[in-house]
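If you want the building blocks of each chain, they are given just below.
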Amino acid sequence: MSTISIVDCDVHQPSPTREQLAEYLDEPYRTEVAKHGTRRIASGIRGEDGGNRRDLDARRLRDPHYYREALLDRYGHRFALLSGATASIAGMPDPDYVNAMCKALNDFYMAHWLPVDPRFHLGLKIALQDPAGAVREIERLAGAPQVAAVCFFATANRIPFGDRYYWPIYEACERHNLPIHIHPSTGSTLANAAMTPAGHATTYLESHVCMPQFYMAQLASMVLNGIFEKFPRLRVAAVEGGVAWLPHLLWRMDAEFKALRQQAPFLKMMPSEYVKRNVRLTTQPVEEPPKPEQLGQIFDMIGADQILMYASDFPHWDFDEPTRLPRSLGETTLRRILHDNACEFFNLA
Amino acid sequence: MAWHALFPSCELSEGGVKLHPTGKREIGVFRHRGKLYAVLNFCPHAGAPICGGEIDHPIFVDQPGGDAKRDFENPTLRCPWHHWEFDLKNGKSLCPISPRIKTYAVREREGQIEVDL
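Going down the list, the protein sequences come from chains Y and A. All residue numbers in the first sequence are consecutive under this note's numbering, ending with 349. All residue numbers in the second sequence are consecutive under this note's numbering, ending with 117.
Careful, some of the hints might be misleading.
Claimed, not checked - In the DSBU-like style, the derived pairs of lysine-lysine whose C-alpha atoms are separated by at most 35 Å in a straight line are:
| hint | chain 1 | residue 1 | chain 2 | residue 2 |
| --- | --- | --- | --- | --- |
| 1 | A | Lys24 | Y | Lys258 |
| 2 | Y | Lys35 | A | Lys92 |
| 3 | A | Lys102 | Y | Lys276 |
| 4 | A | Lys24 | Y | Lys230 |
| 5 | Y | Lys230 | A | Lys89 |
| 6 | A | Lys69 | A | Lys102 |
| 7 | A | Lys102 | A | Lys92 |
| 8 | Y | Lys230 | Y | Lys276 |
| 9 | Y | Lys276 | A | Lys89 |
| 10 | A | Lys92 | Y | Lys276 |
| 11 | Y | Lys291 | Y | Lys258 |
| 12 | A | Lys89 | A | Lys102 |
| 13 | Y | Lys268 | Y | Lys258 |
| 14 | A | Lys102 | A | Lys35 |
| 15 | A | Lys18 | A | Lys69 |
| 16 | A | Lys89 | A | Lys24 |
| 17 | Y | Lys230 | A | Lys92 |
| 18 | A | Lys69 | A | Lys92 |
| 19 | A | Lys89 | Y | Lys258 |
| 20 | Y | Lys268 | A | Lys102 |
| 21 | A | Lys18 | Y | Lys230 |
| 22 | Y | Lys268 | A | Lys35 |
| 23 | A | Lys24 | A | Lys102 |
| 24 | Y | Lys230 | A | Lys102 |
| 25 | A | Lys35 | A | Lys89 |
| 26 | A | Lys35 | Y | Lys276 |
| 27 | A | Lys69 | Y | Lys258 |
| 28 | A | Lys18 | Y | Lys268 |
| 29 | A | Lys102 | Y | Lys35 |
| 30 | A | Lys24 | A | Lys35 |
| 31 | A | Lys102 | A | Lys18 |
| 32 | A | Lys92 | A | Lys24 |
| 33 | A | Lys69 | A | Lys89 |
| 34 | Y | Lys258 | A | Lys102 |
| 35 | A | Lys92 | A | Lys35 |
| 36 | Y | Lys258 | A | Lys35 |
| 37 | A | Lys18 | Y | Lys258 |
| 38 | A | Lys92 | Y | Lys268 |
Please keep in mind that the hints were generated in silico from the structure rather than gathered at the bench. Source: prediction; values computed, not measured.
Just chain A, same shape as in the assembly (with noise of 0.2 Å):
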């Protein structure tokens, strides 16, 4: 493991995906409200580019009828194809399967976008 830089960090600006090819796939860095999430782009339910999808917050309510909550502080990346869900931190599905996206330790560092490959 270890930091390699992608590329400059103004080619990427707030809301925004850039994608950085590595080996036969890509690595899709987002930044959103702030934060940096990277995320191979590959929807491992049927090998959809999936960093073209949308990035939501994801609601959670205890049990029906309760009061919903939208969580801000940890998004999600929705597959552009299925809808499929995933925890732009960790990869994980939203729903109980264990099918999850790869993710990515991201950060900046002068001036560079940086990923632990």
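Chain Y on its own, in the form it takes in the complex (with noise of 0.2 Å):
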């Protein structure tokens, strides 16, 4: 396993400080920032109890040269997809403000990170709040070096991924190659109206166990509207949402298919074979049967030779270095899923 190079999905580096971010914003924000700082939303939790590993070197966490040494050279990356900070523009209302800020950020990552090494990838940013303004931002940066993908945001939200206000973002993404990213946004969850299905989270554990289920909701959603059949080549990660709900999703999904068919009647493959063409999860954090094996079953159940890719979460408190994954699962498993299954998704030669 050793000599298996890494492609990791989910690397998180920091948000601008205020300053940084002001010099790439464009008026009226500019000013705004400057002053007010970025806009929150607050759901109410002690997220702080989650953040960054606590053995890094805090000094350096906006270095990315730290996270070069720290991540890249330790484990022998080849690639590594920025996803950055969501609280900044997940779930806020107004959409002016975050196709600024959205700008603002790519435009940042683009000058400060992706130069220091070609390994950086970056996960664009985009105004899921404005359908137009997204593919605005998809069209200025599509194309440029070391951009690799579209984040959506999993759990902040108003409209589910598989409503046809997505369509024009969509159809940007297939149009450019440019495959999906999907990742939690907790500390903007409340922009949902609802933490969880059951309602409001009272703790971050509380949220963060419950993440799955926005995966499960989402992907249910993408495959069961038609998305995968109206845009046959988009491809999407479902990042940090965890992998052992998957055989219940998709079984429950094809079981249900084959009695309400009616409701879906443009899709012409059972609803799983759309997630094992179009769709990705990430391993991290990796879940932790009582028997190691359980594991095994699960990703034999899902497939994960074909469907799972790694994710580090670097730096925060759930990282998951790629040694985390069984061995058990073979050489030839770890291989596809530390690396084989994500150069596919990201178009690496």
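Hints given; two lone chains; assemble the complex.
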């Protein structure tokens, strides 16, 4: 396994400082952010108990060279998808503000992070609140060196991802061959009006445990509303949402489609087949069953050698090293998860 | 394969279904919109007596957002237990799966309903 170079699907570079961001923002937001900082949706839970790994040098976490040393060089990365921080844009109600923020964030990372190491690749920030604005940002930056994906937020949207509202964004992603990277946005989850399907979570613990439920709902929405029939070349990564729930979702979608096909008559394949063709899941935080071999059984159920991609979530508290995956998977499957599947997903040679 | 008379035609009215015992199971004959359909009364999914289900006319859409059409020429039989949907003519599922119901050629001759067994 030591010989496998790593393709890491989720690395969190920090938000720029207020001063750095103001430099890249257009007015009227430059003055606003310089004076007040970025807007925030406060969910009322204490996320700080998560945060970053405590063993890292907190003074250097704004330095891309530190990421190169502590992550890329240490584990043998050939690629790291920079997915950034989400709190300043996810779920924000004002689309003009979010469009300006996304443009500034993308320009900042392209100026200050991507040149540091060719292995850094950017997940573009777009305003899901404004599909037309999102498409403009994709058009502006698609094809730029080291731009590798478009970021969606699983947990802070008023409209589920299967809705036709998003069709212009999917069309742009497909046209530019840019995959979609769906990541949680824990701090902004309140934008949904409910932090879990049951209501408002009390704690970050509860919110974090319930995260997979958002992914189940978003994937069901995309598949059963025909997104992958309409956009057959669209590629989607469900990042940091867990893995073990996938067999349940696949089985339930297929079983109920057999009974209720007339409600999705545009589907030409079974729902699970669309997931296997168009969707990939990332490993972190990989589940920890009481018997380690049970994880292997789950992996077998979902065809992990095809559908799973490695993610570290560096530098966050629930970071997984590449060695976190069970060795019992065998060299071939490990290589596919740590490298090959993501190479195909991101079109790496 | 040979034609077998099951029962008099007059016992099956338009919109109706009549069961006829065969071996350990039954054959159900439907008269729907003037045409006859014969199927084994057994769903391959969970063994339900499928002839107690509903006849439907399936909906087809080329792609999401496309114009929906209802096919009145190729009715389906929907199982009463879990609502799986099969083409009454050829027995195939409307979903891309392999299980299918068994269908029979059926005709009316000299006042009798006959199936090809």
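Hints, verified against the model:
1. Lys24(A) - Lys258(Y): Measuring from Cα to Cα gives roughly 27 Å; hence the hint holds.
2. Lys35(Y) - Lys92(A): violated, 67 Å
3. Lys102(A) - Lys276(Y): Since the Cα atoms of Lys102(A) and Lys276(Y) sit roughly 31 Å apart, the hinted pair holds (cutoff 35 Å).
4. Lys24(A) - Lys230(Y): Distance ~46 Å between Lys24(A) and Lys230(Y) Cα, so the pair is violated.
5. Lys230(Y) - Lys89(A): The given pair, whose Cα atoms are some 30 Å apart, holds under the 35 Å limit.
6. Lys69(A) - Lys102(A): holds, 26 Å
7. Lys102(A) - Lys92(A): holds, 9 Å
8. Lys230(Y) - Lys276(Y): holds, 16 Å
9. Lys276(Y) - Lys89(A): holds, 32 Å
10. Lys92(A) - Lys276(Y): holds, 24 Å
11. Lys291(Y) - Lys258(Y): Satisfied, since the Cα-Cα distance of roughly 34 Å is no more than 35 Å.
12. Lys89(A) - Lys102(A): Holds. Lys89(A) to Lys102(A) sits at ~10 Å (cutoff 35 Å).
13. Lys268(Y) - Lys258(Y): It holds: about 12 Å lies between the C-alpha atoms, which stays within 35 Å.
14. Lys102(A) - Lys35(A): Holds - the C-alpha atoms of Lys35(A) and Lys102(A) are around 18 Å apart, at most 35 Å.
15. Lys18(A) - Lys69(A): holds, 30 Å
16. Lys89(A) - Lys24(A): It holds: about 23 Å lies between the C-alpha atoms, which stays within 35 Å.
17. Lys230(Y) - Lys92(A): With Cα atoms ~25 Å apart, Lys230(Y) and Lys92(A) stay inside 35 Å; holds.
18. Lys69(A) - Lys92(A): It holds: about 19 Å lies between the C-alpha atoms, which stays within 35 Å.
19. Lys89(A) - Lys258(Y): holds, 18 Å
20. Lys268(Y) - Lys102(A): holds, 23 Å
21. Lys18(A) - Lys230(Y): violated, 43 Å
22. Lys268(Y) - Lys35(A): At roughly 28 Å apart (the allowed maximum being 35 Å), Lys35(A) and Lys268(Y) satisfy the hint.
23. Lys24(A) - Lys102(A): Since the Cα atoms of Lys24(A) and Lys102(A) sit roughly 14 Å apart, the hinted pair holds (cutoff 35 Å).
24. Lys230(Y) - Lys102(A): Holds, because 34 Å separates the two Cα atoms, which is no more than 35 Å.
25. Lys35(A) - Lys89(A): Distance of about 10 Å is within 35 Å: holds.
26. Lys35(A) - Lys276(Y): violated, 41 Å
27. Lys69(A) - Lys258(Y): Since the Cα atoms of Lys69(A) and Lys258(Y) sit roughly 19 Å apart, the hinted pair holds (cutoff 35 Å).
28. Lys18(A) - Lys268(Y): holds, 34 Å
29. Lys102(A) - Lys35(Y): violated, 74 Å
30. Lys24(A) - Lys35(A): holds, 27 Å
31. Lys102(A) - Lys18(A): Status holds; Cα separation ~16 Å.
32. Lys92(A) - Lys24(A): holds, 23 Å
33. Lys69(A) - Lys89(A): Holds, at roughly 19 Å.
34. Lys258(Y) - Lys102(A): holds, 18 Å
35. Lys92(A) - Lys35(A): Given pair Lys92(A), Lys35(A) holds - Cα atoms ~18 Å apart, limit 35 Å.
36. Lys258(Y) - Lys35(A): Holds. Lys258(Y) to Lys35(A) sits at ~26 Å (cutoff 35 Å).
37. Lys18(A) - Lys258(Y): Cα-Cα ~26 Å, so holds.
38. Lys92(A) - Lys268(Y): With a Cα-Cα distance of about 15 Å, the restraint between Lys92(A) and Lys268(Y) holds, given a limit of 35 Å.
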